[in-house]
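Put chains E and P on the given structure of chain W with help from the hints.
Chain by chain, the residues run as shown.
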Amino acid sequence: MENRPPAPSGRNGALTNYWLGGLTAGFLALAALFVVKAGGHPVARAVIPLVDPKFLATTPWRQTYADLVKAKEDLSDYDCYGCHDKNKPPPIRYDANHKIIVPQEHSDIVMGHGSHDRNNLCFNCHNEQNLLTLQVRDGREVSFDNIPPLCGSCHGPTYRDWENGAHGRTSGYWNRSLGDFQRLSCANCHNPHAPRIPTREPAPGPHQLHPNPETHEPAEAAP
Amino acid sequence: MSPSFPPPDKSSDAAMSRRNFLRGCAAFGGLTALAASLAPLREMGEMGDYTSKEQFLQKYYKELTPEDMTKVIARIEGEVQRQYGLRPHVRDLKPMDGVEFVYCLNLTRCIGCRKCVHACVAENNQSRNPEIQYIRVLKMPHGSMDVEKGDHTYDAKQVPEKGFFYMPVQCQQCKNPPCVKVCPVNATWQEKDGITVIDYDWCIGCRYCEAACPYWARRFNFTKPEIPRERINPNMAYLGNRPRKQGVMEKCHFCIQRTRAGRYPACLEVCPVGARKFGNILDPDSEVSYILREKRVFIQLKEEMGTSPRFFYYFDK
Amino acid sequence: MITAARNYLVFLRRCARIAFVGDWRYYAWMGALTVVALFGLNAYAKQLVHGLAVTGMSDEVSWGVYIANFTFLVGVAAAAVMMVIPVYIYDNEELHDLVIFGELLAVAAIIMCLAFVTVDLGRPDRFWHLIPGLGQMNFPRSMLSWDVLVLNGYLLLNVHICGYLLYCRYQSKKPAKWFYIPFVFTAILWAVSIHTVTAFLYVGLGGRPFWNASIVGPRFLASAFTAGPAIIILALQIIRHFTNYRITDKALLTLRSIVQVSMIINVFLLVCEVFKEFYSGTTHGASAKYLFFGLHGHHALVPWIWTAITFNLIAMVILLLPVSRGLKYLNVACGLSIVGIWIEKGMGLVIPGFIPTPLGAIVDYVPSLNETLVCLGIWAFGLLCYTIFLRMSVPILQGRLSKANEGRPEIQGDEPLAPLSAHTPH
Numbered sequence: 001m002e003n004r005p006p007a008p009s010g011r012n013g014a015l016t017n018y019w020l021g022g023l024t025a026g027f028l029a030l031a032a033l034f035v036v037k038a039g040g041h042p043v044a045r046a047v048i049p050l051v052d053p054k055f056l057a058t059t060p061w062r063q064t065y066a067d068l069v070k071a072k073e074d075l076s077d078y079d080c081y082g083c084h085d086k087n088k089p090p091p092i093r094y095d096a097n098h099k100i101i102v103p104q105e106h107s108d109i110v111m112g113h114g115s116h117d118r119n120n121l122c123f124n125c126h127n128e129q130n131l132l133t134l135q136v137r138d139g140r141e142v143s144f145d146n147i148p149p150l151c152g153s154c155h156g157p158t159y160r161d162w163e164n165g166a167h168g169r170t171s172g173y174w175n176r177s178l179g180d181f182q183r184l185s186c187a188n189c190h191n192p193h194a195p196r197i198p199t200r201e202p203a204p205g206p207h208q209l210h211p212n213p214e215t216h217e218p219a220e221a222a223p
Numbered sequence: 001m002s003p004s005f006p007p008p009d010k011s012s013d014a015a016m017s018r019r020n021f022l023r024g025c026a027a028f029g030g031l032t033a034l035a036a037s038l039a040p041l042r043e044m045g046e047m048g049d050y051t052s053k054e055q056f057l058q059k060y061y062k063e064l065t066p067e068d069m070t071k072v073i074a075r076i077e078g079e080v081q082r083q084y085g086l087r088p089h090v091r092d093l094k095p096m097d098g099v100e101f102v103y104c105l106n107l108t109r110c111i112g113c114r115k116c117v118h119a120c121v122a123e124n125n126q127s128r129n130p131e132i133q134y135i136r137v138l139k140m141p142h143g144s145m146d147v148e149k150g151d152h153t154y155d156a157k158q159v160p161e162k163g164f165f166y167m168p169v170q171c172q173q174c175k176n177p178p179c180v181k182v183c184p185v186n187a188t189w190q191e192k193d194g195i196t197v198i199d200y201d202w203c204i205g206c207r208y209c210e211a212a213c214p215y216w217a218r219r220f221n222f223t224k225p226e227i228p229r230e231r232i233n234p235n236m237a238y239l240g241n242r243p244r245k246q247g248v249m250e251k252c253h254f255c256i257q258r259t260r261a262g263r264y265p266a267c268l269e270v271c272p273v274g275a276r277k278f279g280n281i282l283d284p285d286s287e288v289s290y291i292l293r294e295k296r297v298f299i300q301l302k303e304e305m306g307t308s309p310r311f312f313y314y315f316d317k
Numbered sequence: 001m002i003t004a005a006r007n008y009l010v011f012l013r014r015c016a017r018i019a020f021v022g023d024w025r026y027y028a029w030m031g032a033l034t035v036v037a038l039f040g041l042n043a044y045a046k047q048l049v050h051g052l053a054v055t056g057m058s059d060e061v062s063w064g065v066y067i068a069n070f071t072f073l074v075g076v077a078a079a080a081v082m083m084v085i086p087v088y089i090y091d092n093e094e095l096h097d098l099v100i101f102g103e104l105l106a107v108a109a110i111i112m113c114l115a116f117v118t119v120d121l122g123r124p125d126r127f128w129h130l131i132p133g134l135g136q137m138n139f140p141r142s143m144l145s146w147d148v149l150v151l152n153g154y155l156l157l158n159v160h161i162c163g164y165l166l167y168c169r170y171q172s173k174k175p176a177k178w179f180y181i182p183f184v185f186t187a188i189l190w191a192v193s194i195h196t197v198t199a200f201l202y203v204g205l206g207g208r209p210f211w212n213a214s215i216v217g218p219r220f221l222a223s224a225f226t227a228g229p230a231i232i233i234l235a236l237q238i239i240r241h242f243t244n245y246r247i248t249d250k251a252l253l254t255l256r257s258i259v260q261v262s263m264i265i266n267v268f269l270l271v272c273e274v275f276k277e278f279y280s281g282t283t284h285g286a287s288a289k290y291l292f293f294g295l296h297g298h299h300a301l302v303p304w305i306w307t308a309i310t311f312n313l314i315a316m317v318i319l320l321l322p323v324s325r326g327l328k329y330l331n332v333a334c335g336l337s338i339v340g341i342w343i344e345k346g347m348g349l350v351i352p353g354f355i356p357t358p359l360g361a362i363v364d365y366v367p368s369l370n371e372t373l374v375c376l377g378i379w380a381f382g383l384l385c386y387t388i389f390l391r392m393s394v395p396i397l398q399g400r401l402s403k404a405n406e407g408r409p410e411i412q413g414d415e416p417l418a419p420l421s422a423h424t425p426h
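Residue numbers (our numbering), protein chains in the order written: chain W, 1 to 223; chain E, 1 to 317; chain P, 1 to 426.
A few of these clues could be false.
[Claimed, not checked] Listed next, the in silico DSS-like pairs over lysine-lysine satisfying Cα-Cα at most 25 Å (straight line):
1) E:K181 - E:K59
2) E:K157 - W:K54
3) E:K149 - P:K289
4) E:K59 - E:K71
5) P:K276 - E:K302
In short, the hints are calculated from the structure, not lab data.
Only chain W is shown next, with the shape it has when bound in the complex (with noise of 0.2 Å):
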């Protein structure tokens, strides 16, 4: 017969059976293995905490006299003459080394205005003819809910940055034709009395996809 194919025969062709046979063996082992292994997560991923919503807060750290006015909140501690006379302005005293005495009912207040204690004369701002309102060194009278005129006397070219936008945040609508914008006052962000911003707890920092790429590892180990 012309098409008879040859056939497989002796060692090499009971080889190439048992190896055929056997692949068929170990493809159906390892389609079971599959199946098997197929379900779980194959990275396991660290918990990351949400973050604290107090780092999303938007609003100020201080608030000043014109908030406490526009919030419709308790003024008393503005309301000196509760406690100081009228047309006697109160004293100032300092110590040897010419830094000033707080006096215990103003303890809340730590002096810290300017290097070397330069600027610790109360009456530097304060109106020492009326206590309800701030006084610039030219004698013009400034009130409580406006203060920037007053820190500008001494800071022309931060109160020039701050008029402009360029110091201080100014939050709101930059389109100024679709929306009003704010712009926060000297206080929201300095004490008056100790300006430089106090340091704070960041808010947490980044974390790696891999925290530790060295041993990085399927939680689940592939078959």
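For chains E and P alone, coordinates are given in the frame of chain W:
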């Protein structure tokens, strides 16, 4: 040329059919194993988010007609509702005429509190785990602008620390963006108002842009993003903060959903020291125009790259 | 016309048949490769579901061993021309019939390249966005779109050349020169271009000073023309061992001189690069410092690169000595240079480009188990393809599979006197 074969013996036919049968068995076994090896794909529906037919066939952003866009937005809103249980408001906000955005950041003021990082995550619906953040704050030793000296993971109790300044880095919205140049499918491009955007439904996830960016500003969704329901921001934009899918790039887009509606970006709103300034550089009265006009020194990070960032670092004193 | 189509279909059917036919060693080899390839496919299925988070890659090191293997294999594919040039330009008779084996290797290598790029994609379902006309191809601006074009073009060129020559041989016809010689010369230029374009993929990134160096292109070509012919030298000996196909030692020694010269150039270019990175002492040398010596306590790549350098230097010395005319030493040199260059181009080029990041963070990269399985799977699949190509082409070139013996008893693979069992004792 035909080789000569030995004369066939009697068992030859049987041997041949046995051989063919065994070959068939092995082939069957192989095919079974092939099919079984794809078993993990059964989890595709719940785990990965590969696509519905509409999404697979969705057209390129610039080729969508207004009617297409309406349908696509309805699809996205539906997906978000199914997944997070709230109806978002998705808009396709276009750039405004006569507006080119610029960002200025005051390095004298920044205290490194990282509030901007997290406000950005909250505003832009970034994945919380794995973590995707568009802003990276570097703690830098005084006197150097070499980012290789920066510390990314500082963990101080209180900031700022003495002897250091802090430099937040995010997408610099380059005028000459390397990421746009390298994208093989035009999935990222620069818009008229200077914002480089990404079509999340077009990106193929090759990460070439991530390799090209000199500011390490681009982020990849290595797995399905995870956002808690209660922290979804429903005010969304197509090219902005709508939730992304597994396997695509994302990055800072100057809060397109806010800024193209006239508002300041979220990172600026949360800054406790007013170090961040944003606005329209074509408007001479804007804060950013004032800063670039009045401040002596401002820095475009890695200026030598020729990328010409729209993000400027400046100093007060 | 109909007869021609029928003949071609019969040719394809017989080729397909013979791919599944062989003796026990063939089945053992193919079975083993299939098992590894299936493990890879299984791992890839997991990656499809869970995303690339199952790899060791991250935003810091956003390309890993996938792209490293891709880069190496583009070089292997390009190096196939190193056999074509002597044959068609210098009429080297010894290599004449062997060219096909080289080109088939190129085809297998390109298939692996395309597979490596595909598994690296975050959204492989969107591959159609790359197809001109259907999607958006950022051509000519994006080097990646160039790469897609040149790789697929190279694949088509080589498939055409091999397919045409083999089909002519099958029909015992003399191939028409005009139908393949122009393609051969195009393929020579094209081969250089695929590896140059792949180098430009890296070179074009200004933000990555380690890659942004004009020496990367020449280094790629030099290392490819070392590793590619080295692989072919080993492959030819394996073919010679398992079939009775005639391959002369002279042919192997011709390839040896190619490997020899390329290796010298490769090492020289490495020296040039190392000098520039370290002598100038700029901050741009941070990646090189990380690679060679470690940076700030991170040393993940240091053992790799020194292994590569040691292997390359030993290989170069052996190749320069007359002992490498002996096949034993030549094989050792080839093996060392393949491994050395694989490391140099993968762990030594792709990964350190990402470390430190453009913002100075140092994050080590270690491939995950799943990622490694995918890589092994693709290599197994590539070898599977190459084995099948050889299984088809050797009998055709020997005349045992031809139109003339159509209808005669088909090859079984393990019949006595059959080439595959030529060395088996009875």
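Quiz item: Taking 25 Å as the top limit, are the C-alpha atoms of E:K149 and P:K289 close enough?
Solution: Since the Cα atoms of E:K149 and P:K289 sit roughly 15 Å apart, the hinted pair holds (cutoff 25 Å).
Practice problem: Sort out whether E:K59 lies within 25 Å of E:K181, counting only the CA atoms. | Solution: holds, 21 Å
Quiz item: Within a Cα-Cα threshold of 25 Å, do E:K157 and W:K54 meet the stated pairing?
Solution: With Cα atoms ~16 Å apart, E:K157 and W:K54 stay inside 25 Å; holds.
Quiz item: Taking 25 Å as the top limit, are the C-alpha atoms of E:K59 and E:K71 close enough?
Solution: holds, 12 Å
Quiz item: Hey, P:K276 versus E:K302, does the alpha-carbon distance stay inside 25 Å?
Solution: Roughly 21 Å separates the two Cα atoms, so the pair holds.
Violated hints: none; the structure is consistent with every hint.
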